[in-house]
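Visitor: Okay, here's what each chain looks like letter by letter:
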Amino acid sequence: MTIREKGYAHWDGQLRERRFPWAPITWLGIRLAFKKKYFKFIIFSSLVPAVVFLVGIYISERIEDFQYMFKGNKQILEVNPAYFKTYLSSDFLLFMMVMILVVSGAGLISDDLKHNSLQLYFARPLTKRGYLLGKANVIVFFLLLLTLVPGLVFIIFKLLFAGDFRFLASYPWLPLSVIGYSLFVTGFFCSYTLLFSSLSKNRRYVSILIFAVYLFSDILFGFFYENYKKPAFALLSLKANLQQVGSWFFRLKPAYAVPWYWSLLILLAFGIAASIVLNKKVRGVEVVK
Amino acid sequence: MTSIPPTDFRSFLSSVGRVFAVFFRQGRKARRTRFFFLFSFLPVAVSLVIKFNQVFSGKPGREGGYLFTNLIMLFYLQMIILILALFYGTSVCSEELEGKTLAYLITRPIPKAAIVLGKYAAYMAVMTGMVILGLIFSFFVLNVDRLLDPSLYGLLGRYLGVLILGLMAYGAFFTFLGSSLKRSIFFGLLFSFGWENVIQYFPGSTQRLAIAHYLKSFLPATSSGRFSFLTFRLEPTKPGLALLMLFAIAAAFLALACLFFSKKEYSLED
Amino acid sequence: MTAVIETSKLSKWYGNVLGLSDVSLEIEPGVTGLLGPNGAGKSTFLKLITGQIRPSIGTVRIFDQKVQNNQALFSRIGFCPEHDSFYEEMTGWVFLTSLLKLQGFSAGEIRSRAEKALDIVELSADKDRLIRAYSRGMRQRLKFAQAIAHDPEVIILDEPLSGLDPLGKRKLIRLIKAYREEGKTVIVSSHVLPEIEALTRTIILIHQGKVFAKGDIHYIRDLIESHPHMVSIRCDNPRGLAGQLLGEDYVLKVRFGPDRRSVLVETNNRDKFFALLLSLLVKNQMEVEEITSPDDNLQAVFDYLVGK
Amino acid sequence: MIAEISDLQFSYGPIKALDGISLNLAEGAVGLLGPNGAGKSTLLRILLGFLAPQHGQGRVLGFDIRLEQARIRRHVGYMPEDDCLIPGMDAVTFTAYFGELSGMPRQEAMKRAHDVLFYVGLGESRYRFLETYSAGMKQRLKLAQAIVHDPKLLFLDEPTSNLDPQGRREILELIQDISSKKDIQVLICSHILSDIETVCSDVVILNKGRLAAQGKLSELRELHYRLYEIRIKGEGEGFTARIKALGCRVEETEDKLLKVYVPAEMDIREIFRVAEGEKCQVRHFVRSRTSLEDLFARAVGVD
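Sequence order for the protein chains is A, B, C and D. The first sequence begins at 202 in the working numbering and counts up one residue at a time. The second sequence begins at 6 in the working numbering and counts up one residue at a time. The third sequence begins at 85 in the working numbering and counts up one residue at a time. The fourth sequence begins at 10 in the working numbering and counts up one residue at a time.
Do not take every clue at face value.
[Said to hold, decoys possible] Partner residues are not named here, just some residues of chain D that face chain C (Cβ under 7 Å, in silico):
hint: 1; residue: Asn171
hint: 2; residue: Phe281
hint: 3; residue: Glu285
hint: 4; residue: Val291
hint: 5; residue: Phe294
[Unchecked claim] Derived coverage of chain A by chain D (criterion: at least 3 residues anywhere in the stretch with Cβ under 8 Å from a Cβ of chain D; other residues may be distant):
hint: 6; segment: 225 to 239
hint: 7; segment: 293 to 305
hint: 8; segment: 410 to 420
These are calculated hints, taken from the structure and not from any lab test. Note that CB positions come from ideal geometry on N, CA and C, so glycine has one too.
All chains should be built: construct the whole structure from the sequences, respecting the hints.
Guide: Structure representation (structure tokens):
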């Protein structure tokens, strides 16, 4: 007969070095986000456009059945790169993405700052980069769910509905564009959100910042553009910049006559600045109380 | 909020005044105020840029008054007062819970409704200060060449009035959200940038369900269709009625906020 | 003496979690200690009697007035909350004057009262520093200052001593004691018996949301006296000592410690037992190393009262 | 040797937090003492690998504190002083989460989380949300997350602050139990001296960034007199007076505990004789094992 020893018991497993030490942070972040009722609501409503566009793909294959609805206006429903770009950089989708950032991203770091829990993370074999990556990937998950996943699904369904590979043959680079653009937008929004989240302990304040800066940059652009009619002002707007870069990814003419690489540079500069600030902020808390 | 007998009304008002004094000071000193102050001065910077550009490029550009009406004003109306009211309005109740400082306030010989009203008034004053200064500066920058035109001042006064009314109504609504919901910011954003915008495109009386509708009823009709972010078909309400409605909205939501704050038991966890 | 605070059948639930159950009490002027382990319902009780939350059942009256929706009462009550939270961006001085302002004083009076209160808690030198930069002891004293600055008749302090180092504790205890002399009603909650003992003799024992005992601390001490109690004695001849103890009927159990040098005795009459022990030790000229009571603490009393 | 460091220096800007500290921590429970601002937290953070010292070197568990911080942290458990719990989840999720971050496989972490939560006495409430936890429960949970990955070295920063006596005793018992295992070392920071006395065999005292004293408690003990803690029933004035007449120094604490410094040559039995003569029952009589408070005062240089 064996009797369980009383008192502290050792764990007989072996601590391993994980390939992705940050993975638990991401999973927990995602699970916690889904615990909020209204968050599910937002995610589902953000997926509405995806469903609409999917239906559009279906209709485009059966265009003759729906002829009576369009009265010969076939142009609307041609599935081409522009169709993808329209989905991926539509105002509504971007707005919903910002809302998701506000709801699921604002608290990522600021809650840890508020509750002093950074020290718990850094008492583990976790680097600062690992910590930030783990947090960022929560956002990555949700944003890719809205960009990459629908994009790829569109391609697959287009091929399925068409029954042949003509579509892919005409635009062989399209899957790469979808992947590239989705990753770019996601990467930008990650640095954007984490930057603001690390600025304050007050989540309400962070939420407002995330939302206001995005909207403000856009209004500023609309303002100057209206006044001077110079497309270069598009560079002021985060949204327009994202859309400009999006056009390049999909080999389309940008909506504003500014070279796309300016937009790219601006967004990249923003991202780099954000990571510098993050690096400083997260370290600052780790050391001094 | 219980009905206050007239004899107590003076003491109630003086309580409100005291809360106001404390939080007006606190609101001015807080670090966040500095940020929001800068934020509400961004249009001034924009005006300066425009003006300098006009002066140096030599091109006459658009007329200052036109720019002021169509750009700066809408900047404030559609963006700044919403953000300010959202943050400060929800702060009235939420910051006491988040900072766990509620107990200091509700163990004072002051009716709970007075706390809400006093803080609301204090933050209103802070916000109004920011917005008014910003608007006036922008006004002078853009109209620097024809400051003697008296009709301009009438316009300025009307715009200031609209913004203040806007802050008042939105502030009251967000105060109510802050007193009743945990996720007040989220719902506030949905309301101010979702609902308020969407509903303006609906025909008929539907648009009367938005606060923005009444505010815009005071403004001269804009040449619509020019700006992507402000196209809508306004079917204005008469100014008198709009004024009444705005006051009614503010009063109703403040009353609700006071009611919630007095009756609700907030748990201080998290 | 008339009761200042009266509660009857006070009960409180949070959802389905019990906060406080059926508390009927009268609290008189002087210092009353509210004693109970963490989570016993002390804070709930204090919040109920200050009207911060509404009772699910029962009533509270202070100065024979209702507490609910009677904010005017707070000019006679000072409350020191449990949370270590402040308006961190204020200085100590601004914090205190702001709250005094809310009490309804005139500008001159606010100034003099704030100065006096800061003087009492010895924070005058630091009054212009931000509260954020205060140490734990200073924060705790500032919290106390805001509760007494308006010179209330009833002072309610929720865990005022927690988190303080021994020196800080001593300072605060001295401050609180000063108010006892002035005929004020002071309620202090704590989870540490010696802290309360240093302050007062009138205590309320609260546990699991119920009041288990109320009254003079001697009464509580007597309760501790009369319930079976373990005493451990380590000496050179434990078995000899044990033999001499066995004959008494108030000695319930005798056991020997694993180190062979100590004896554990359970008794239900401490007074007699210790008297006997002392005389035996002296008579036998024993070398005593240690006398301890392993379960002489609050929890033991509660366990006894709960009937464990 | 669990840790050896030599000539460690660290400054936050112009403020020198550590000014040349060398020490070896042997096996067993070690108490780290010092007034506020003495550099305890900084030392702890360097040993944990949070901070890299500006000067000096050392090894913890055989790993270099400058180069192998991640390895140190894999085998170290840390219980911080202040509240640092993430609301919105239950204790099992929380504990397992930090186990996973230390490198435990997911399922194992979950299993182990249940085990340690039962061990620290949170078994019943392990599915409750953290925001509903009381101060004592939070303290236990912090301990649970520190031991979930079965560390080889455990750092505890003020483990008993904010606890009622019962809670404090239970936490101390847990710590004692953990440190009684030969293969897990414990380092405790505390300002409650009696906690250190109960649990630790060695102490390190810091003052103003320097090492003020270090060694086995038993060796550091003051030898010129013996210190006894005595609690009596009845009015103690006569007793105190007569004890003093015998040449003892007597101090009374806030909670009526007498601290009696007995000269080396005096017979302890005298005390009992006096007590009987004064009709004072001796209720509590403990030789203070270390007179740590004196040691502390002497090392830090305050009286």
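Visitor: Taking the hints in turn, state whether each one holds.
Guide: Verification of the supplied hints:
1. Asn171: This interface hint holds because 6 Å falls under the 7 Å limit.
2. Phe281: holds, 5 Å
3. Glu285: Holds - the Cβ of D:Glu285 comes within 7 Å of chain C, reaching about 5 Å at its closest.
4. Val291: holds, 6 Å
5. Phe294: holds, 4 Å
6. 225 to 239: holds (count 5)
7. 293 to 305: With 0 residues in contact (Cβ-Cβ under 8 Å with chain D), the coverage given for the segment 293 to 305 of chain A is violated.
8. 410 to 420: violated (count 0)
Violation of the numbered hints given earlier is confined to hints 7 and 8; the remaining hints are satisfied by the structure.
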